[in-house]
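Asks: Since chain C is already given, all that's left is putting chains R, V, P and Y with the ligands on it; use the hints.
Chains as they are written, first to last, in the working numbering: chain C, 1 to 292; chain R, 1 to 292; chain V, 1 to 315; chain P, 1 to 269; chain Y, 1 to 269.
I should point out that these hints are in silico values taken from the structure, not numbers from a laboratory.
No experiment lies behind these values; they were computed from the predicted model shown.
Hints may contain errors.
[As the list claims (entries may be wrong)] For lysine-lysine, the following BS3-like pairs were computed, each having C-alpha atoms within a straight-line distance of at most 27 Å:
no.	chain 1	residue 1	chain 2	residue 2
1	C	Lys19	Y	Lys224
2	V	Lys139	V	Lys285
3	V	Lys285	V	Lys299
4	C	Lys70	V	Lys299
5	P	Lys224	R	Lys19
6	V	Lys251	V	Lys229
7	P	Lys224	P	Lys194
8	P	Lys258	P	Lys224
9	R	Lys84	V	Lys251
10	C	Lys84	V	Lys139
11	C	Lys84	V	Lys299
12	V	Lys120	C	Lys84
13	C	Lys84	C	Lys70
14	R	Lys84	R	Lys70
[To be verified] Over the 10 Å line for every Cβ pair with chain Y, so calculated as not near, a few chain P residues:
no.	residue
15	Glu8
16	Thr37
17	Gly81
18	Glu160
19	Tyr227
20	Asp236
21	Pro244
22	Pro247
Even glycine gets a Cβ: it sits at the ideal position worked out from N, Cα and C.
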Amino acid sequence: MDALEMATGTFGAVEERGKRLLQRVESEERAQQRIEQRNTTLGRLAFGAAMLLAWELASGRLLDQFFVSKPSHIAAALWAMLIKEALLYHLRYTVTEALVGYAIGAGAGLVLGFALARSNFVYRIVEPFIVAFYGIPRIALAPLFILWFGIGITSKIAVAAVMVFFIVFINTIAGIRSAPVQFLQVARVMGASEWDLVRKVIFPAATPFIIAALQITVPQAMIGAIVGEFISSNRGVGHLISRAAGFLDTPGLFAGIFALLVVVLLMNQGITTLGNHLMRWNPKHGTVRDVP
Amino acid sequence: MDALEMATGTFGAVEERGKRLLQRVESEERAQQRIEQRNTTLGRLAFGAAMLLAWELASGRLLDQFFVSKPSHIAAALWAMLIKEALLYHLRYTVTEALVGYAIGAGAGLVLGFALARSNFVYRIVEPFIVAFYGIPRIALAPLFILWFGIGITSKIAVAAVMVFFIVFINTIAGIRSAPVQFLQVARVMGASEWDLVRKVIFPAATPFIIAALQITVPQAMIGAIVGEFISSNRGVGHLISRAAGFLDTPGLFAGIFALLVVVLLMNQGITTLGNHLMRWNPKHGTVRDVP
Amino acid sequence: GQAQRVRITEVHTGTLFMAPVYIAEAAGFMGEEGIDLELTEVDSGALGIAALVSGQAQFFDADPFQAVQLRRQGRQILFIYNLTKRVTLDMVMHPEVARARNISRNMPIAQRFAALRGMKLGITRPGAATDVYMRYYLKRAGLNPDRDVQIVSIGGGAGLLAALRSRQIDAFHLSAPTPYLAERDGYGVVVIKSSAGDVPELDNFMYTGIAVYNIYANRNGDVLRRWTKAVNRANRLMRQDQAAAITRLRKYFPRTDPALLALALREIIPALSEDGTMNEEMMEKHLQFMLDDGQISLKPSAKEGLLWTNRYIVK
Amino acid sequence: MDRGAAIEIRDVFKVFVARGDRHQRRAFLALRDVSLTIPSGRFVSFVGPSGCGKSTLLNMMAGLVRPTDGEVQYKGLSVDGINTDVGYITQDDNLLPWRTLQENVEVALEFRGVPADQRRERAARYIAMVGLSGFEHHYPHELSGGMRKRTALIRTLIYEPSVVLMDEPFGPLDAQTRVILQDELLRLWEGSGKTIVFVTHDLVEAIALSDEIALFSRAPGTIKRVYQVPLGRPRDVFHIHADPGFPEFYDRLWRDLKEEIVDVVLEAT
Amino acid sequence: MDRGAAIEIRDVFKVFVARGDRHQRRAFLALRDVSLTIPSGRFVSFVGPSGCGKSTLLNMMAGLVRPTDGEVQYKGLSVDGINTDVGYITQDDNLLPWRTLQENVEVALEFRGVPADQRRERAARYIAMVGLSGFEHHYPHELSGGMRKRTALIRTLIYEPSVVLMDEPFGPLDAQTRVILQDELLRLWEGSGKTIVFVTHDLVEAIALSDEIALFSRAPGTIKRVYQVPLGRPRDVFHIHADPGFPEFYDRLWRDLKEEIVDVVLEAT
Ligand SMILES: Nc1ncnc2c1ncn2[C@@H]1O[C@H](COP(=O)(O)OP(=O)(O)OP(=O)(O)O)[C@@H](O)[C@H]1O
Ligand SMILES: Nc1ncnc2c1ncn2[C@@H]1O[C@H](COP(=O)(O)OP(=O)(O)OP(=O)(O)O)[C@@H](O)[C@H]1O
Ligand SMILES: [Mg+2]
Ligand SMILES: [Mg+2]
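Looking at chain C on its own, in the form it has when it is part of the complex (with noise of 0.2 Å):
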């Protein structure tokens, strides 16, 4: 074997060799990432591309036109709203809705997940009320939204928010479940308080679940707005698309939910880019198919 050793070069060429693939490693590592970037942009303008071709095809052929539309349509609808319904200040109200009420439901589902997780047997008797009270259909509820919250921009918060926060709920209780309850037991005799454990060991274990939570929320948040709006209002997208569904202009109506579209696709990402963020550390994240 030392034979072997000597044969394959002299020490000073082994150790140029091994320089060299640090630097090939490094700069691969950093095209690859923009290549898998750069793939899953094409892929998925593709994928829309796609999709939309075959919508405008299909329209009037196997499907009905009245009801689904066509893209160039709704591109011509969408560029009449921006224009004469002041589109922009519809949007701008609904997505501050939306978001606010997504902050509020998310907030309030994390908080309250953390506060009965942690305490097994409150959470085993309330568990069923808040369940049962996600069983009501919001529109049996919309009376008590306007007496409760008016018919301001409130009720639509207040809607977002309620459609958020059971999800985040859920998700934040599993995932406190979740945590090893090692972490814990070492954290605890390190000296860790309750406040630390909850930051430092139980909501990194839990992320992934919030983070789920988070990401299946986004497009929830927004339909709670418009839900809200449908109760009651008098701006904001889903009272266009209210208006549009009123006069059956189906390409109104697409076209106030592609703006819609739009936000949530953005938040959606945002969510995304956060979980990466936060599950950087896991070696799998997002390669689970490729065992090695």
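Replies: Just chains R, V, P and Y with the ligands now, with coordinates in the frame of chain C:
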């Protein structure tokens, strides 16, 4: 130390004590489960009764009885519904829709979740489109539901399934990603097929996520069925509720909702039991507070 | 009896205008005509259209706007039976507001419209009839609906009542019985009763009727005739014997307080069509209204046969 | 040096209930009538067969497990709830996977509110001590087994608890690194007045480091015997074999252990 | 016995990129120019300092890690993707926490479609062999560290792979249990024609078991030297110290290792 051991008594006495302890622990173990069960049930009943009482008292004083009714009236309405409106017939219809929709939505979410998570590239491309789809207010899709699924039971099942799918899908993906990569690796080296991996490694690892999703979606499925019945129906509890709402019959409205909640709670209990069974191996499941 | 039995599905938006149809079914008149009628409620007009167009249902209670709009898309629906002879929206106002502004039904209608200035007014949804006619009232008084008042959409009757009761809106309008509940409970007074003809321009006006898909009408004239015959029987029963009508209606509203049903019927019947017939003038009035309002840009002919026909009506 | 009892274990029994058997949850005895006094300031080792209850006993001292019967006292008070006064290096490393090596080492200092720059400085010193400089920014899964264990070791030593429980702290380390760390540990400990409870399965290690050695019987574990190590201080762990007292004591320990071996062999076949 | 190469490692380099450093992802060299031939049917041990790349090399043989440069061949073919032909006992036990001891032992047989009753019967035999009878229905967290490791060991041995990679399989075991299992392992292996690659940090263990010992230098790891163990077969692990060839060979190995020690000590202070 030998002296000390002697001092504690003869070897036989120690044996004796050990045996007694074993018996004590075994019987305590059983007793404790029963006690916990009982306390939980009592706690829930007390909490529920307190809420109903508060409602009964507040209604007409703090709350406007017209909009919130009161439990005694609701009970009367429930009784009347049972007798005069064939509540059970409608309930069976709605529960069928919700259950079938739940099964389809959850099944599709699981299957697609497993299919996509294991192919990260496809997932990253498709994901924003799925999220976007969920950003579309259901109301906008209602005409399409009627066109495609008709005004019979199929369309309600479809709405329920759609409301369940997304949540199960995203949580399944998150669960799959949280499966420790080392487990996948040793399993693969031991000769696990892809199907073995999914069934015996990934699925159990993702269980907490999947159970959380199944729990979240129980009320969602029910609401989906109700929304479907609001869109179009001539029977089902949603129809009863919708009719009560049309005639501003608040007790009737709440009576319909209460009938639903019983079903929601039963289903929720079922999921909880399933979760406890699947995660029986998990040492801290349910005992988060008490670190020792 | 000798005619072949048919099954038909009718979708509707659950309004009380449908009372004659409900009664015709519940009293067995449909059955006697050999029709098995299945009624299905939908949430909005657009959904009824979807059901009609996709062949899920054969009958639907539509309004002329929907008919015109569909025509533009190359689909034709035809009104075969008129439900209402005028707009049925009655406006209820919070008593304090009414008192402060000194508004009542005794004033001339124009003054009542003008008095709405500066109010918060409730409608159901933008683009719905409540919205369209509210705006019309305001325009009649020379007001700008977007600046001189605040129009707030509040999905349904319960929400509107809640908003009025908590004084978040000053007034709203809707068909009976909702406005009368506010009046009964003391937080509303009805100030405009178009169901009683308070607004002359909206009287003798084609508001809502039963429509069928053209293709269906062409093939099933006989069924349509049997259908109208049964409904007209019910219509007569409803006018002659309210108690009997309410008994029949209970099949569809089993738990609703009979007194409430009676109240609703009492308020709505005067606005309902006696025999379902239409005329060119009624239709023309609505078409012109929509054209003036900017809802449509081209006015189709109001002549019989295009949007409507009395051909199938059997009295 | 204080010669009072740091830890006092009295008549401890531990019954566990295993949950895998679906139909019957059978309880079994893990510790049987264990009594032991660990005097303050001493270095005490536990040796004994796998599964005899050593880790369970340490868990009790840290308050993570409650005795089913009997009592564990810490500095005269019954341990009831988490004992944050001890430092505990568990058998598994239990590093937090979302923290880098350095962040893991600093975590206890964070709990104690030590300012960031002091934390960094102290961490750097300890990291260098166990030969991990250069790996500060590796996450646990990017470290080798031995590196993880060394990290877990200094994560506890860094906050200088007065009683340290160590469960096979040098387990997955090569003989070389091991001796160096033994030496380092003795240097840190000698004259510090700290109490160390040390689980190992390496008799040489136990002899080289300890004042006393408690030998456990096989399960249901009990303490078979406690030995006083007849070697002087300070010790040279690099040449412990050469110590005059070593061979005889080693042979005695080994003889006593053999009895347990025979039992296990009998059971195994 | 077949004397071809079971595993052939050629000029392997491994570069890892640690991800903890937020601003710069610095690559570093873990293995440097490793070449080694592992002949079929032999028992080869790896010894070397902690963090020198032993586990990484085993991972490469199992196809879990790809070399950055160079090649790993298994029975003449380049390892490309998971190598299901080997059995791999990893350094961490990696037991599936949702399966009881017995279910964990049976898992590989399940993958192979062995019928339930055969599985049960074989599992019982192996479980008894490592002294774990009675704990079949314990979940991993209800087992001691050594019990978990023994479970991981038999989980792989039970399906009798022709090449077995073992990363410190007896790490957390007491000296007593350890020798018994060493003996057991040798009895299973001798005459079976299997190839074993065995990582350990116990020189005595390496000598007692192996045909060849590869000594690694400290990181960036490379193989410093390969030794042929000069002891005959069969061996008596219980009295390996008494073997005439033992003392001299042990001293030689230890001398060569010391050089690495000196380096580490220099670095550590
Ligand atoms: N949480 C638990 N539930 C059930 N049994 C347990 C639990 N923890 C430990 N045991 C059992 O208690 C016994 C003692 O375990 P312990 O971990 O204390 O052994 P140990 O002496 O540390 O062994 P090792 O040297 O292998 O680490 C074992 O039989 C083990 O199976
Ligand atoms: N996934 C990884 N990412 C980055 N670095 C890694 C990774 N895996 C291993 N390393 C590094 O590679 C080197 C070799 O690690 P390896 O686990 O092979 O060591 P080892 O010889 O098995 O050590 P020990 O005896 O302590 O287990 C170490 O410096 C380690 O930090
Ligand atoms: Mg242990
Ligand atoms: Mg290793």
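Asks: For the pair supplied as a hint, C/Lys70 and V/Lys299, is the alpha-carbon distance within the 27 Å limit?
Replies: holds, 25 Å
Asks: Checking a non-interface call: every C-beta of chain Y should be farther than 10 Å from the C-beta of P/Glu8. Is that right?
Replies: holds, 24 Å
Asks: Just to be careful, I want the Cα atoms of V/Lys251 and V/Lys229 compared with a cutoff of 27 Å; is the pair within it?
Replies: Holds, at about 21 Å.
Asks: Within a Cα-Cα threshold of 27 Å, do V/Lys285 and V/Lys299 meet the stated pairing?
Replies: Roughly 11 Å separates the two Cα atoms, so the pair holds.
Asks: Tell me if the straight-line CA distance from R/Lys84 to R/Lys70 falls inside 27 Å.
Replies: Since the Cα atoms of R/Lys84 and R/Lys70 sit roughly 20 Å apart, the hinted pair holds (cutoff 27 Å).
Asks: Over 10 Å from every CB of chain Y: does P/Pro247 meet that, or does the non-interface label fail?
Replies: holds, 12 Å
Asks: Is the Cβ of P/Glu160 more than 10 Å away from each Cβ in chain Y?
Replies: At about 19 Å from chain Y, P/Glu160 clears the 10 Å cut-off, so the statement holds.
Asks: Take the C-alpha atoms of P/Lys224 and P/Lys194, compute the straight-line distance between them, and say whether it is at most 27 Å.
Replies: OK: P/Lys224 and P/Lys194 at ~26 Å, within 27 Å.
Asks: Does V/Lys139 lie within 27 Å of C/Lys84 when you go C-alpha to C-alpha?
Replies: Roughly 20 Å between the alpha carbons, so the hint for C/Lys84 and V/Lys139 holds.
Asks: P/Lys224 and R/Lys19: Cα distance at most 27 Å?
Replies: holds, 20 Å
Asks: Please settle this one: P/Asp236 was flagged as non-interface, so is its CB more than 10 Å from every CB on chain Y?
Replies: holds, 14 Å
Asks: When you look at the beta carbon of P/Pro244, is every beta carbon of chain Y farther off than 10 Å?
Replies: holds, 20 Å
Every hint, counting from the list given before, is met by this structure.
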